[in-house]
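Asks: Listed below are the residues making up each chain.
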Amino acid sequence: MIHLALPGALVALLAGIGVYGVLARRNAVLVLIGVELILNAANLLLVTAGSRPGAPFSAGPVLTLFVITIAAAEITVALAIILVLFRRAGHIDLTAVPDLTDDPDDPDDPGDLDDEVESWGTPDGADDGTDDGTDEADDADGTAAPTAARSGEGAA
Amino acid sequence: MKGLTIDYATLLPALLPVAGLVLVLVADLFSPRGRRLPWGIAALATAGSAVATVPGLALGGGSTRQTFCLTPVGAAGGRGTLPTVEGLPQVCLWQADALGSTLQLAAAVSALVCIALAWPRARRRRPDGGTREPVEAVLLLAALAGTVVVAASRDVGTWLVALELATLPVIALVALSGRRSAAAGATQLLVTSLVSFALLVLGVALWFAATGSPFLTPDAALSSAGAFSAAGAPTNVVLPSVSSGLVALATVLVMAGVGFKLSLVPFHAWTPTAYAGSSVPVATFLATVSKVAALAALLVVLRAVAVLGTPALLAIAVLAALSMTLGNVMALRQDDVVRLLAWSTVAQAGWVVLPLVSISALGVGASATYLLTYVVATLVAFAVVAVTLRDRGTDGRTLAAYEGLWQRSPWRGGALVLALTSLAGLPPGVIGLVGKVTALRPVLAEGWVWLAVIAAVNAVIGVAVYLRWLRAVITEREASAAGEADGASQRAGRTVAAARRPVVVAGLALSAAVLVVVSVQPDLLLRLLG
Amino acid sequence: MSWIVRMIVVLPALAGLLGLVMHRRRLVAAAVAVSVSAYVMVLGLIQWVAPARAADIDSLGSLPLGGGLAVPLHLLSDRVSGLVSFVVALVVLAIQVFTVWYLRDDPRYGRFAATVSLFAAGMLLLVQAGDLVLMLVGWEIMGWCSWLLIGHDSERPAARRAAYKAFLVTRVADIGMVVGLVALAVRAGSTDLMAVLTASGHDTALTVGLVGVLVGVAGKSGLVPFHDWLPDAMEGPTPASALIHAATMVAAGTYLVARLFTLYAEHDGARLLLAVLAALTMVYAAVLALVQTDIKRMLAYSTLSQIAIMLSALAAAPAELGPGAGLSHLLGHAFFKALLFLAAGWLSVLGGATALAALRGRLRPTGALRWATGIGLASLAGVPPLVGFFSKDTVIDAALEGTGAGSVVVTIALLLTVALTAAYCTRAWLLLDTPLAVVPPTGTAAGPAAGAADPAPGSAAASPAVSPAASPAVSPVAQPDPVVPAEQVAVVTVADSADDAEVERVHAHGHAPITLSAALVVSVLAVLTVVATLFLASLRGGVHVGVLTALVSLLLVAGAAAAVWVAGDRGRSDVADRVPGPLRDRAVRGFGADTAYVGIGRAVTALARLVVTLDRDVVDAYPRATAVVARAAGRVGERSHRAVPSLSLLGLLGGVVVIAILGVTAWR
Amino acid sequence: MTTRDIVFVAVGVVTALSALLSVTTKHVVHAALWLLVSLGSLAGAYLVLGQELVGLVQLLVYVGAIVVLVLFALMLTRAPIGPHAEIDTPWWQRAAGAVLGAATTALLASLLLPLLSGATVDLDAPAATTPRIAQAVFGTWVWPFELLSVLLLVALVGAFAVSRLVLHREDPAADGAVRRAEGVRR
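Just so you know, the sequences run in chain order A, B, C and D.
Last residue of the first sequence? That's 156 in the working numbering, and every number before it is there in order.
Last residue of the second sequence? That's 686 in the working numbering, and every number before it is there in order.
Last residue of the third sequence? That's 1354 in the working numbering, and every number before it is there in order.
Last residue of the fourth sequence? That's 1540 in the working numbering, and every number before it is there in order.
Derived Cβ-Cβ restraints for the label pairs, each shown as a range:
#	chain 1	residue 1	chain 2	residue 2	range
1	B	584	A	100	27 to 37 Å
2	C	875	B	565	42 to 52 Å
3	A	95	B	162	47 to 57 Å
4	B	627	C	1220	58 to 68 Å
5	B	609	C	1300	18 to 28 Å
6	B	565	C	714	13 to 23 Å
7	B	210	C	714	35 to 45 Å
8	D	1414	C	1318	48 to 58 Å
Read the hints as simulated data drawn from the structure, not as lab findings.
No residue lacks a Cβ here, since even glycine has one placed at the ideal position from N, Cα and C.
So here's chain A without its partners, still in its complex pose (with noise of 0.2 Å):
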């Protein structure tokens, strides 16, 4: 016998945390923190409700195996992003006002999913044989190869 009341009231200490975990913290993997107090109070929701007699093909419980996968996949995801964000802005902070500007010699933003530029292609069929030249490149002096060819670009 349990009190049905009690993870109730659980539900709804954990959802107030996780909100206010969200808000709370500037640091995106931490709020992610929040994230997954919201998630959890959902789910222990749903095993509570789920727990009653009658509930129809366990759905409690399933649904709740359902949301902790899709919890993993959506995290696996959100980290991903986060690390691309650290890479590029150099901090997390989702208070801080985003550099939104793009490069001033960005390509024409070519409407497909890349913005390659055409200089940086070769022709068909040298792929192999250059490959490893520009990446040498890239790794030897850093920066200027990708720089060369940028300003190369630009003035075409």
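For this one, chain A is given, so just place chains B, C and D on it according to the hints.
Replies: Coordinates of chains B, C and D only, in the frame set by chain A:
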């Protein structure tokens, strides 16, 4: 399992994108450098999905194409292995009626246009030696599959998973689309969607707690009023009738969770950033397929709730009014066409949910109709932007780039004019006007006069928004001609290369053709109203 | 049969669109224009001669307008529409062929040919229409195309002004047309022509409808208050003038009235109005034609006069006679007026001008052209074996048979006009054909200068030379059109710019010899002018010449011709020069009708300005305030949207909580 | 009050307290660790509610995978060790967060508690045992389950592609810094 029937033909609209997704991954194993092959597969799968929805379009009056049906367990002879629910009618995890099929078709066609707009250039090597196209194709197909499934889902499990399947890949697409501001856009979209999704799950859990049923059906909603406990369940659970308050909260939370995808106003802040940060095809996807997914998801819930009478949803009214007003006002100040379209999306989202203030069949149909008009017109506008970007580079994002478009290229200018007038609801774009009238009808029928007044004011401001762009399109270029010539000569080499993009133009042609067809035959859309 | 009718309408429209697309390729444009008009002409011939039922009704598919108004969009094909569409197509073909030569150096030939095709499509649609809506569509297409055609030389302010003038004047009259058609449709509850004709009752609507249509017809056909745009329309290239005058635009009004004839026949008020307008116009225009200094303007005034003759037949003919007389003159007029215009265009290319003074004696050395012009003028004057004689006498006969005040007025006016017409035709022939007594020394191509040297008419010829209006005609040396303010254009261009146009064109194009095909077209038109009476015979009431009327009109023609012959000293001087200088000057300018138009235009503009001011300062303040508020709100909103994710989360969660509370409390 | 009630209250208090700490602590890494405690004790709560399978999955996926991922992410983004004042938003935003959090709690509690106030459930014969859940997952719920597999696959592919995103157009300085930070993998 006993009692579970699967009809694969009915599932085709969802299965084809998934199959295409797998195929792309397999193809990538064998030909990792192929750039067009993944998109080709994606286009085929999407087109197939669109075709597969067609049998559902003609369904009339409540009939559905359904599968994954759970026969009532009581009728199955009480085998006792499953928890029995007496009195629950047959439920299916996939039920596509005419409305759902139309939304699925709209999603598939929009995705097809996005694929055309994103058609990659000839083989080029990246600095890292990899190609992104297969991943992008996979993500796009997954999002499409999620959209298609969510439109036909009737249970919270499928609904949640499908909605997430329609959202998560899009976030990755935004992050992948490569502009420098994409990271900012993706981050904002990401955090908004995570929080929204958490609230959504909370809403679903509340629904489950209130109704005791994992199905988003009218019967489940009715059971919240005590029918469930009376249905012969063990009596040690007492469900008081306060649970209808829970249904209300669940509905509102679901709406909030979906509202972020629709860009409704308090949840809209990601919209301009993400649109501007991503490439045009991804923005197009965000503006069309995502919106279809969101509204389809919302309608699934609202149609279940509608049976509780027509509750006055003040919350929806507030959201609609705020969205329309803020979206239009902000759009007035944008000089970047993509940002303008982003804010216009916000305003149009307000129009989309406007009819839902009366949760009824009329409101649902009107909302879907308006969404479709918006989707078609927005597709054309984005396609024109994409083609212009091919010609003119990043300049193509400014309003100034469209000056004299009518003279330079009458076809493109004409398509844009039709799209913009449709969005504004001005005469050449009849369909927009039809949509606005349709959307306002349930509002007036329910006597929401103040809301109708706000909507009317916003219709006027909206006209101003689109006229700003329209004016640029039809004015003649005089002063800027000289400067243009210089830029043109500089870009000549690239323009020549860019001019050979038949697939992108085909995407524009496809969307424009759809727009023209529905403009000439608005009853194709109005059929949804029943 | 129905596909033929549809093709007749659709093909020229397609040719027009195709021509607009391909207008930069001269050869393609020419080929499309000529071949399609030829094909359409054949189709028109089939439609006319095919042993069809009396009437053939076909529908384009009705418009589901609802509201108790049926819009079946019928096409009505009967003998009348068959014959008229054949003649229209024939004239259009002739004009297309002629244009290939006439505008051979014009870079915008393609556009012109395409517009002509489109114009023909409008006229043919009107001819085939069995539905008021379709009629209106055709009517409007012609209105727009006439604007394009007249303003073809859009770099010249005079042409632009003439185009705008034609457009505005006809548009104003079209208000009446639209109101009239709507009234008729409302009366019948349908836009179908048959339903409109057979509807009964509701007399106010009928009156409004018939008078409204009359106003519209008066605008397009140039009846008196609206007549002044037509002479100015000579700014367009000569083929355009031929098109507008011969078979299409101005004749469309006649055709429309003929289609509605049974309604008019029963409504005396509308008929009387038509009769008075027609009588006034035919005499007035014939008088003005007599004194014109420019051949094209003379022809324009003669058109006004002749159209009025057609309409007078419709106004005076008894109901049982039907509209045959008016239609017959329409068709006959189409042939000889097209012939005259094309011949005038040819002549003006040869002579380098269109001023009569400059063309004096130019006709004599040309062979076929002389014959063609002669036949055309004779037909216009009503000389017996030619078509003009028969159709005109049919009209007079019909008017004589009519009863009521209208027919009396019309009959008197007709007889006057017959004499006047013969007079101005004789004058034109004498001026063009009589060789000058003293051949001017080579090098001065200026005929008038030689005329001044001639002692006898010298003083007379000097008078137009003094008048500023005619001075450019006197010195055909092309003066580049000075940039004149619009107000001055209003005055200057009325009389003289038409010949300026020709002069400029000729100087620009040089004197290329006429091509065989163009010459052939003129000759064919001349032959048709002789034999066209045979066509008319097929029309009910088409040719009906009484002995008495024939005699009277023959006498009138002969007398007038003889008078001019004598007064003009056998062609050695211009009869018109006997008119006092100032009076003639004003007559040439159309007695200030243009100034009146300008005045009306100014008044309307002033009124509009007043309304605009009221609107801007009183009514508009509210919308503008809205705009200001919206922009300010936008600024505020922009400041609060800096894409900070944290703030958006705050908005999101705050919004959720607020609407959740709202939703839970306001539920049900 | 039954035994289960008492155990649940104990576990619940731990869960709530550690959740509260995880959103208020000034140590970045501690936040993740407190989350670990909170989610772990929530797994205990599931056990108390009679859902062994859910509790185990919670431990496996959440505690074992997600929190570890979070920790890795904190390390990769060079989170500072030790107390750090900069991890919180401005005070007014935290105040708003507190108000909204309290409102959420109040709203949920006011609706859930009346619904569940008198409800008790006898967990000695639980409605959903693990075999039944398994049957349901692969029977009734097979369609969303398969979709879930697609979602996971796509999420992995997407995350992989996103994290491999090469930022070739950054400021040279940041670019170089990141390169150095990433080591010499390439």
